[in-house]
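Sequences and hints are given; from them, build the entire structure.
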Amino acid sequence: MSGPIDEATFDRLVEMTGGELDFVDELVDTYLEEADGQVTALRAALERDDQEALIRAAHSLKSGSLNVGALELGEACRGLEEGLRQGRIADAQELVTDIAAGFAEARTALLGERERRAPL
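The sequence shown maps to residues 165 to 284 in the working numbering.
Among the hints, a few may not be true.
Cβ-Cβ distance ranges computed for the label pairs, FRET-style [stated by the list, open to error]:
id, residue 1, residue 2, range
1, E197, T261, 17 to 25 Å
2, E216, R176, 30 to 38 Å
3, L177, G201, 38 to 46 Å
4, E179, Q257, 37 to 45 Å
If you're looking for bench data, these hints aren't it; they were derived computationally from the structure. Just so you know, even glycine gets a beta-carbon here, dropped at the ideal spot from N, CA and C.
This is how it looks when you write it as structure tokens:
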């Protein structure tokens, strides 16, 4: 696995589950569902100019992303969250767009990993 998902972090997730790949799939599915909701929440908060909702959604997406190995996405969320907390909101639109694109890449990579190890 390469690109938007850090292989070492994902491997640690597999190790933490005792190699139970069905459980890993459940964790990834939960992440994808929740992350999709957080990206939607980011966009909605941006439209409403709701800084607190942006911070909450960025924080939640950051945590889940770091756990599954989407490190670049997690760091982008951290940047948005910290920037908003420091009053830097001018680039929020661009960051949310980048985060949405990063999530799409992470989703593709995670689902691709599942397909790669699926029996033929």
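Hint check:
Taken as a hint, the range 17 to 25 Å holds for the pair E197 and T261, whose Cβ atoms sit roughly 21 Å apart. About 32 Å separates the C-beta atoms of E216 and R176, a value consistent with the hinted range of 30 to 38 Å. Roughly 21 Å separates the CB atoms of L177 and G201, a value that falls outside the hinted 38 to 46 Å. Judged by the Cβ atoms, the range 37 to 45 Å given for E179 and Q257 holds: they are separated by roughly 39 Å.
Comparing the model with each earlier hint shows a violation of hint 3 alone; every other hint is respected.
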